[in-house]
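Chemist: These are the residues of each chain, in order.
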Amino acid sequence: MKKNYLRNPKGSRDWLPDEVIKQEFVRQSLVKVFELWGYQPIQTPILINHDTLSLGSKKLSDIAFKLIGEHGELLALRADLTTPIARVTAERLQDQKKPLRFYYVGKVFRYHARKTTNERELYQVGIELIGVREGISDLECLGILSDGLKKSGLKSFLILINHSSLWNELFRYFKEIAYELHKALSQKNLILFNSILKKSRLTKPEKEFWEKLIQIKGKTDAIKQLKELNRKIKKLKLKNVISYFEKVLNLFEENVEIDLSFTSDLDYYTGIYFEAVTESLGRSLGSGGRYDQLINKFGFNIPAVGFSLCLEDILLALENQKKEFSKFNPPKLIKASTKNIKSVFKNISRLHKSNKHASLSL
Amino acid sequence: MKNKEKHNLVIAIPKGFLHDGTYKYLSRGGINFTEQSTTTRELVFYDKKNKIKGLLVRPNDVTVYVEHGSADVGIVGLDLLKEQIPDVVILKDLNFGRCKLVLAVKKNSNYKTVRDLPANSKIATKFTKLANDFIHKKGLSAEIIKLYGSVELAPIVGLSDAIIDLVATGKTLTANDLVSIETILESSAVLIANPVSFKFKRTLINSL
Chain A
1 MKKNYLRNPK
11 GSRDWLPDEV
21 IKQEFVRQSL
31 VKVFELWGYQ
41 PIQTPILINH
51 DTLSLGSKKL
61 SDIAFKLIGE
71 HGELLALRAD
81 LTTPIARVTA
91 ERLQDQKKPL
101 RFYYVGKVFR
111 YHARKTTNER
121 ELYQVGIELI
131 GVREGISDLE
141 CLGILSDGLK
151 KSGLKSFLIL
161 INHSSLWNEL
171 FRYFKEIAYE
181 LHKALSQKNL
191 ILFNSILKKS
201 RLTKPEKEFW
211 EKLIQIKGKT
221 DAIKQLKELN
231 RKIKKLKLKN
241 VISYFEKVLN
251 LFEENVEIDL
261 SFTSDLDYYT
271 GIYFEAVTES
281 LGRSLGSGGR
291 YDQLINKFGF
301 NIPAVGFSLC
311 LEDILLALEN
321 QKKEFSKFNP
331 PKLIKASTKN
341 IKSVFKNISR
351 LHKSNKHASL
361 SL
Chain B
1 MKNKEKHNLV
11 IAIPKGFLHD
21 GTYKYLSRGG
31 INFTEQSTTT
41 RELVFYDKKN
51 KIKGLLVRPN
61 DVTVYVEHGS
71 ADVGIVGLDL
81 LKEQIPDVVI
91 LKDLNFGRCK
101 LVLAVKKNSN
111 YKTVRDLPAN
121 SKIATKFTKL
131 ANDFIHKKGL
141 SAEIIKLYGS
151 VELAPIVGLS
161 DAIIDLVATG
171 KTLTANDLVS
181 IETILESSAV
191 LIANPVSFKF
201 KRTLINSL
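Chains A and B are the protein sequences, given in the same order.
Take the first sequence: its letters are residues 1 to 362, numbered as in the numbering used here.
Take the second sequence: its letters are residues 1 to 208, numbered as in the numbering used here.
Among these hints, one or two may not hold up.
As the list claims (entries may be wrong) - Capping the alpha-carbon separation at 20 angstroms, the derived lysine to aspartate or glutamate pairs in EDC-like fashion look like this: (1) A:183 / B:87; (2) A:199 / B:186; (3) B:201 / A:70; (4) B:201 / A:206; (5) B:201 / A:221.
Please keep in mind that the hints were generated in silico from the structure rather than gathered at the bench.
Predicted, not measured: the structure shown is a model, and the values here were computed from it.
Use the sequences and the hints to build the structure in full.
Modeler: What follows is the structure in C-alpha cells.
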C-alpha cells in the first residue's frame, strides 16, 4: 500500500540538491557583482509587524500573509525586503556615514505572488542605495542591474525605464483626465485608455499627444519623439524629465530603453522606476526605482534607490535559454574499516586541504 | 516563447465561436495559415511567409497561453477576459464575434425583471465571477451554480431559477423556452498580448 505523505502547503516548494546548485549559481553571480560595487549584505527578520508593511505599501500589505501574535498583535511575513530595510535604516542607522550600500538575498511571502503561477514563497535578490538624491546614483543602480543580469548569463534582456515626474507633470497639466488615463494604463487596458480619450473633452492635438505618448519606446529616437510631442504642448514642462532620460540613455548604449506606456507596479516610487524583462520569460524578472519618501514614513527623511529581482524567474529564464549549469562534483570515495579509519581520515583531510572532494565509501 | 528564432510571433487562436472571425481578421492583415485546422487534427500551424505560428486552443485557454508567454498575442472574447482578469495587455476591440452576456429565465415564469427573483435564488452559469459581480451590484442574494456547458438545461430541470449565459442570436434561448430579462455585458473579440512580448515585439504586434 502506498503511503500518503503530507504535502507542502500550496505555493511552497522544496529545492533538491541539483536545483540548489543552479539557484546558488544565480545568487552568487549577482552577489559577486553587488560586492564588486561595494555593497554589503544585510538581513532582516521574516516575521514582522503588520504595521511596518502597511506603512510602506498598501498593495504589498494586501497580499501579505498575516498572523496573530501571542498577545493578539497583528504580525505578517515580509512581502518584500525594501520595506524592512527602510525600517531598520530609520531605526538604527540614522547616524551612519552615508551613502549606505546594502544587498540582500531572502525569501518573501505573498498570496498571489504573481498571477500565472501559484508560488507564494519566492527568493528576492536586490540592492538598496540609501542617502543619495536623484542623479548619478540612479545610474549606479541601473549599472549594477545590467551587470548582474549579464553576469548571471542572460542572453538578451531589456531594462525599461520611466519616471514618475513625467506622470506628475501630466497630472498637473491635464488634471482629472490624466488620472483616469493613468489608471487604464496601469491595468494595461488600451481599449479603456482609447475610449476614455475619445470621450474626453480634450482638443484634437491633445488627444493625438496622448495617443503618441504611450507608444514611445526605445532609445534616442524615442527621446526625439518625446521632444517633438512636447513642442506641440509647450506648457507641459517635460524638459527635466527629457534631460534625465538623455543622461541615462547616453550611458547605457544597450539593454536600456525608455517605455512611456509603463506604469509602476508599486505605489512608493518617487523618481525613476524600471523593470527588467527577457524574451525567454513571459513576465518581468524584477523591478526597482527611487523611493525618496519611503524611509521617511519610518521617521528618517532620506532618499534611496534600489531594485529587486526574483531569483526563481531568472533561473527559469536561463533554463529556457538552455543554459548549462555546472553539475555536482562527486567526491572521491575511500574504503575504510574500524582498523584503518584513522589513516583514512588523515588521507581525507589531506585531500580536503588541497580542495579535493573526498568522503568515505559507505 | 520557445523556438523564438524560428517564429516572429505566436498567436493563440480560439476554437469555436470566434474561430472563423479570427481567421478572417488575421487574413485581412495578411496572415494566412496554410492548414485550416478545423478540418484536421493539427493544433499548431504556420504562416511561413510571415514566420508566424498559430496555436489552436480552447476559448477558455487563450488567456492562459498569452499570460504565460507561450503565445505572444491571442484573440479572446471580452466576456472571458472580464471573467478571468489575466495579466495581459488589452490591445483592441476587433469588432467581431459580438454577443451578450444575459440573465435569462423560463418564458412562463413570473420573473420579469431582476428584482422579481426570489431571495436565495439559484443562478446557473459558466461565468461565476461575472455572475457574482452582477448579483453583488444588484444587491441580490443568489447562489451561483457553476456549469461547464448546456447551461440552458438548468432552469428546465429545476436546477436553477435563472441562468447567466452568452447569447449571440438568441435562438438557443428560444428553443429552450427561455427569455432574457437583463443584459449584463456586451462582448466582442479582443486582441490581447503578453506584457513582455509587447515590449520586445511592439511594432509587429501594433501592426496586427
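Chemist: Report the numbers of all earlier hints that the structure fails to satisfy, in ascending order.
Modeler: Violated: hints 3 and 4.
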